[in-house]
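*Asks:* Protein chains in written order, with this note's numbering: chain Y, 7 to 159; chain R, 890 to 1307.
Warning: the hint list may mix true and false statements.
[Said to hold, decoys possible] Between beta-carbon pairs, the in silico distance windows are: (1) R/ALA1219 <-> Y/PRO49: 31 to 41 Å; (2) R/GLY971 <-> Y/GLY158: 50 to 60 Å; (3) Y/ARG96 <-> R/ALA1219: 45 to 55 Å; (4) Y/GLY93 <-> R/ALA1219: 35 to 45 Å; (5) R/LYS1169 <-> Y/GLY113: 56 to 66 Å; (6) R/VAL919 <-> Y/PRO49: 20 to 30 Å; (7) Y/GLY113 <-> R/PRO1012: 49 to 59 Å; (8) R/PRO1058 <-> Y/GLY113: 51 to 61 Å; (9) R/ALA1062 <-> Y/PRO49: 48 to 58 Å; (10) Y/ARG96 <-> R/GLU1267: 50 to 60 Å.
[To be verified] Straight-line Cα separation of at most 27 Å, BS3-like style, residue types lysine-lysine; simulated pairs: (11) R/LYS1303 <-> R/LYS1169; (12) R/LYS1303 <-> R/LYS923; (13) R/LYS1169 <-> R/LYS1011; (14) R/LYS922 <-> Y/LYS139; (15) R/LYS1303 <-> R/LYS922; (16) Y/LYS139 <-> R/LYS1303.
[As the list claims (entries may be wrong)] From the structure, some residues in chain R lie toward chain Y, with a derived Cβ separation under 8 Å: (17) PRO913; (18) SER916; (19) HIS1092; (20) HIS1244; (21) ALA1245; (22) HIS1246; (23) ASP1247; (24) THR1250; (25) LEU1251; (26) ARG1254; (27) GLY1262; (28) GLN1263; (29) GLU1267; (30) ILE1270; (31) SER1277; (32) PHE1305.
It is worth saying that the hints were derived from the structure and are not from the lab.
The C-beta atom is built at its ideal place from N, Cα and C for all residues, glycine as well.
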Amino acid sequence: MSGADTFQDARSLYQDIILDRGRNPRHMHRLDPFDARAQGENPMCGDQIEVRLGFTSDGRVADAAFEGRGCAISLASADLMADVVRGRTRAELHALAAAFGTLARTGDAPLADAALDALRPLSGVSEYPSRVKCATLPWNALLAALDAGPGGA
Amino acid sequence: MNAESKLSMLAPAFDVERVRRDFPILSQSVHGKKLVFLDSAASAQKPRAVIDAMTHAMETQYANVHRGLHWMSERTSDAYEGVRDKVAGLLNAPSREEIVFTGSSTGAINLVAHSYGRGILKPGQAVVVSEMEHHANIVPWQMLRDAHGIELRVLPITEAGELEMAALPGLLADGRVGLVAVTHMSNVLGTYNPVSRIAQLAHEAGALLLVDGSQAVVHRAVDVQALGADFYVFTGHKLYGPTGIGVLWARMALLDAMPPFMGGGDMISSVSFERSSWAKPPSKFEAGTPAILEAIGLGAAIDYVQAIGMDAISAHEAELTDHALSRLSAIEGLQVIGRAQDRGGVVSFTLEGAHAHDVATLLDRNGIAVRAGQHCAEPLIRRLGLTSTTRASFGIYTTREEIDFLADTLVRVKGFFQ
Ligand SMILES: Cc1ncc(COP(=O)(O)O)c(C=O)c1O
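Please build the complete structure, drawing on both the sequences and the hints.
*Replies:* Quick look at the structure:
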């Protein structure tokens, strides 16, 4: 018995894309200049993620990036989130964040949106109640950034 | 002493398999795997003796204490008060009247922070805590600081995870320190602190010493008189007893001088609308109906560990800890946090390339329960330059094989995240 195969039943949580994004996030860097930022924090584990956003003149997200420390789940979630937020309005992002919250808690969410499909690899956290907040941590930071503006929250 | 406990005292060696049979939960599985419970420092499992004592009381002998002039109440009061004697014996307290039942260690420390802190300490005095305290021994003093003008001073730790004892005289030098509050054993580093030496230094500077024995009392024989402490607290659920019951021991002169914390029934000698007068300690600090069944459970837990013997328990756990330290340190990329000379059965570590939460999740899928995170000691974790650790902690029922399984599984966890 050796190697990753012995953790077979944990693969619903740690799918390849999650492990890959957790190890090598594409959007983990400091966005500067930026229009809004906020910190998300998980006091139980000490993880912190800061999300920074840039907006287009018509109020859509032009760019998103994050920095911080987190587990494989929270980093992969932040990275997949940064993939899908571009071009979206605040209202769309609030709806997407709510749908993602449902996906993380229940494993499914009723929202016909291609972005949500891109986030589905994270649906496995629903089987791990103590890990749901790892997946939602960056989304909470995103929502706070949308409300906060450049001063941060 | 009954025949059975006599036999167990004559038994040559500590028999972990026999101990394990006393803990019904250990035959449970999680995720289809045999439970390997390495989270006793958070809360320990309960032996049959504790479960039965509480059930037996509810089934055969239960009423409120100190109140009824009837048989059931008298028997229940005897059982409840009998536990005070057992606790006094466990801690070698000079008097049973010095044992105050609280809800937990947290409850006991808050009691001292209110009654001694606000009632006796004067604004402008200081309290010293260490950098390795559990939040339960930080936050009540911070609240006291903010409400009562008390300064909070922090005794640092060394790189090895021991108290920086050389810094203590300086912290005490101006004579303003009224109380030093330190843990007897760290719940993160496993470090045992030199409590007698701290008591001596504190007393020379006119300060008292509170010792948080939440972890220590589980693993070693404690003698509050030999330690020279003024306050000693612990919590029942880590000592194989139930939740909801904790203990404050304090010297009688202090309990006499301290004002009550909570007011209510049982803590008064007389009440009128103009004024009330307080009962003597310990009743003065036990307002309201106490945790009767939980106290009875704690009594059974104390009997249980004493029948095995604290020395046998600490020898067993020392062997496990040595084994764990050597097996875990041999894993490449695994760093054990804390290298104290004198340490108990708690081992925290980080694993390169894998976050503590991911480690804990994969261990759990193999039936291994550990704790991951900051362990209610955020200032310590930050001081160590970390955000979280994984912690394996050992109890009376932990085996060498379980530690081997932990080490083997950690090697696989490491491979999974590489
Ligand atoms: C060192 C230490 N102090 C205090 C506590 C608090 O115990 P309780 O939560 O039972 O009050 C704990 C355990 O959580 C601990 O490990």
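*Asks:* Each hint needs a verdict: does it hold in this structure or not?
*Replies:* Hints and how they fare:
1. R/ALA1219 <-> Y/PRO49: 31 to 41 Å: Distance hint for R/ALA1219, Y/PRO49 holds at roughly 33 Å.
2. R/GLY971 <-> Y/GLY158: 50 to 60 Å: holds (59 Å)
3. Y/ARG96 <-> R/ALA1219: 45 to 55 Å: This hint holds: roughly 53 Å between Cβ atoms.
4. Y/GLY93 <-> R/ALA1219: 35 to 45 Å: violated (51 Å)
5. R/LYS1169 <-> Y/GLY113: 56 to 66 Å: holds (59 Å)
6. R/VAL919 <-> Y/PRO49: 20 to 30 Å: holds (26 Å)
7. Y/GLY113 <-> R/PRO1012: 49 to 59 Å: holds (56 Å)
8. R/PRO1058 <-> Y/GLY113: 51 to 61 Å: holds (59 Å)
9. R/ALA1062 <-> Y/PRO49: 48 to 58 Å: Violated, since R/ALA1062 and Y/PRO49 (Cβ atoms, about 36 Å apart) do not stay within the stated range.
10. Y/ARG96 <-> R/GLU1267: 50 to 60 Å: violated (33 Å)
11. R/LYS1303 <-> R/LYS1169: Cα-Cα ~58 Å, so violated.
12. R/LYS1303 <-> R/LYS923: holds (21 Å)
13. R/LYS1169 <-> R/LYS1011: holds (24 Å)
14. R/LYS922 <-> Y/LYS139: Roughly 26 Å separates the two Cα atoms, so the pair holds.
15. R/LYS1303 <-> R/LYS922: Holds, at about 20 Å.
16. Y/LYS139 <-> R/LYS1303: This hinted pair holds, its Cα atoms lying about 23 Å apart.
17. PRO913: violated (25 Å)
18. SER916: violated (22 Å)
19. HIS1092: violated (37 Å)
20. HIS1244: holds (4 Å)
21. ALA1245: holds (7 Å)
22. HIS1246: holds (4 Å)
23. ASP1247: holds (5 Å)
24. THR1250: This interface hint holds because 6 Å falls under the 8 Å limit.
25. LEU1251: Hint holds; R/LEU1251 Cβ to chain Y Cβ min 6 Å, cut 8 Å.
26. ARG1254: holds (5 Å)
27. GLY1262: holds (4 Å)
28. GLN1263: With a closest approach of 5 Å, the R/GLN1263 hint holds.
29. GLU1267: Holds - the Cβ of R/GLU1267 comes within 8 Å of chain Y, reaching about 7 Å at its closest.
30. ILE1270: holds (6 Å)
31. SER1277: Since the shortest Cβ distance to chain Y is 5 Å, the answer is holds.
32. PHE1305: Since chain Y brings a Cβ to about 5 Å from R/PHE1305, closer than 8 Å, the hint holds.
Violated hints, in rising order: 4, 9, 10, 11, 17, 18, 19; the structure is consistent with all others.
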